[in-house]
Each structure stands twice: as structure tokens, then as C-alpha cells.
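The UniProt record's numbering numbers the first residue of the sequence shown as 1 and each following residue consecutively.
Rather than coming from a laboratory, the hints here were simulated on the basis of the structure.
Glycine is no exception: its CB is placed at the ideal position from the N, C-alpha and C atoms.
Keep in mind that the hints are not guaranteed to be accurate.
In the EDC-like style, the derived pairs of lysine to aspartate or glutamate whose C-alpha atoms are separated by at most 16 Å in a straight line are [unchecked claim]:
1. 65 to 128
2. 16 to 60
3. 16 to 54
4. 52 to 33
5. 16 to 33
6. 52 to 3
7. 16 to 116
8. 74 to 128
What follows is a list of derived Cβ distance ranges for each label pair [as the list claims (entries may be wrong)]:
9. 61 to 126: 36 to 42 Å
10. 93 to 40: 34 to 40 Å
11. 37 to 105: 46 to 52 Å
12. 69 to 40: 23 to 29 Å
13. 35 to 77: 36 to 42 Å
14. 39 to 99: 37 to 43 Å
15. 30 to 77: 22 to 28 Å
16. 2 to 63: 27 to 33 Å
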Amino acid sequence: MIDHLGFSVSDYERAKAFYARALAPLGYSLIMEVTAEQTGHAAAAGFGANGKPDFWFGAEGAMNKPLHVAIAAKDRATVDAFYKAAMAAGGRDNGPPGIRPHYHANYYGAFVLDPDGHNIEAVCHAPE
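Kindly generate the complete structure, drawing on both the sequences and the hints.
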């Protein structure tokens with residue numbers, strides 16, 4: 001089981017603003033921030049749900065290649081809400097909400113590129 005993940009972004013404040021809006025429908029919010037002095041290299045923001053930051057990014061600068069992260073959604077309406085919020089926050093479409101039968105019959109996901117081009121997905125595996 002993965003406890004948390006982290007990646008770097010090119011513009012820390014822009015990323016915080018984007019993820020605050022994009023992840024809200026999934027129940028994620030900014031849980032914790034640590035300073036460059038605390039980490040020894042760059043500030044970092046931890047988003048999550050229920051008080052546990054498990055989605056971290058830091059101000060180390062742009063990565064060479066984009067990352068893909070999928071966050072579980074409780075239902076298809078939440079996937080739709082994520083997509084709408086992420087697009088309104090400045091994300092770019094990388095696959096609108098819908099069934100992805102090549103994964104399995106109930107795989108309902110939406111994909112949005114964040115400001116750095118990271119592929120952020122919300123997915124629901126439950127039947128409609």
C-alpha cells in the first residue's frame with residue numbers, strides 16, 4: 001500500500017491554487033505545508049483527506065517528464081465534479097469523464113493535465 005507520493009512543480013503557488021480547486025470534489029484539501037528550511041531544499045504542500053496528507057508536491061522545479069496520478073472517487077458524479085473543477089482551475093483536458101472499457105467494464109475516469117502537464121485522474125470502479 002502506498003502511504004504517500006510526491007513530485008515537483010515549476011510554480012509552487014500556482015500548483016497550490018490549482019490543486020485546491022481541482023481536488024476539492026474528491027474531498028482533498030491542503031492539510032500541511034513545510035518550509036524550505038524544514039525540508040532542507042524546497043517548500044512542499046501536502047493534500048489529502050481525513051487529516052492525512054498523501055498527495056505532496058514541492059517547489060523543486062519542473063520535472064523532465066510528466067507524472068500520472070489516479071485518485072479514487074466514491075461515484076461517477078464525483079469524477080464528473082473533479083473534471084469540471086480541474087478544468088475551471090486551469091487544467092487541460094486529457095480525457096473527459098467516461099467509461100474506459102479497455103481497463104474493465106466499470107472503469108469510469110476523467111483525465112486532466114495540471115499546469116506542469118502532469119496527468120491527474122479521478123476514477124470510480126463501481127457500477128453505475
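Status of the given 37 to 43 Å range, CB of residue 99 versus CB of residue 39: 41 Å, holds
Supplied distance hint 34 to 40 Å, evaluated on CB atoms of residue 93 and residue 40: About 37 Å separates the Cβ atoms of residue 93 and residue 40, which means 34 to 40 Å holds.
CB-CB spacing for residue 105 and residue 37 relative to the 46 to 52 Å hint: Since the Cβ atoms of residue 37 and residue 105 sit about 50 Å apart, the hinted range of 46 to 52 Å holds.
Hinted pair residue 52 and residue 33, Cα distance within 16 Å: Satisfied, since the Cα-Cα distance of roughly 12 Å is no more than 16 Å.
Range hint compliance [Cβ, residue 30 to residue 77, 22 to 28 Å]: Holds: the Cβ-Cβ distance is about 24 Å, inside 22 to 28 Å.
Hinted pair residue 16 and residue 116, Cα distance within 16 Å: 12 Å, holds
Distance restraint between residue 65 and residue 128, which requires alpha-carbon spacing of 16 Å or less: 34 Å, violated
C-beta pair residue 61, residue 126: status relative to the range 36 to 42 Å that was hinted: Once the Cβ atoms are compared, 38 Å apart, the range 36 to 42 Å for residue 126 and residue 61 holds.
Cβ separation of residue 35 and residue 77, checked against the hinted range 36 to 42 Å: Hint holds: Cβ distance 37 Å, inside 36 to 42 Å.
16 Å Cα cutoff - pair residue 16, residue 60: 14 Å, holds
Whether the CB-CB distance between residue 69 and residue 40 falls inside 23 to 29 Å: The hint (23 to 29 Å, Cβ to Cβ) holds, given that residue 69 and residue 40 are roughly 25 Å apart.
Restraint status (C-alpha distance of residue 16 to residue 54 at most 16 Å): Holds. Residue 16 to residue 54 sits at ~15 Å (cutoff 16 Å).
In this structure, the hints that do not hold are numbers 1, 16, in rising order.
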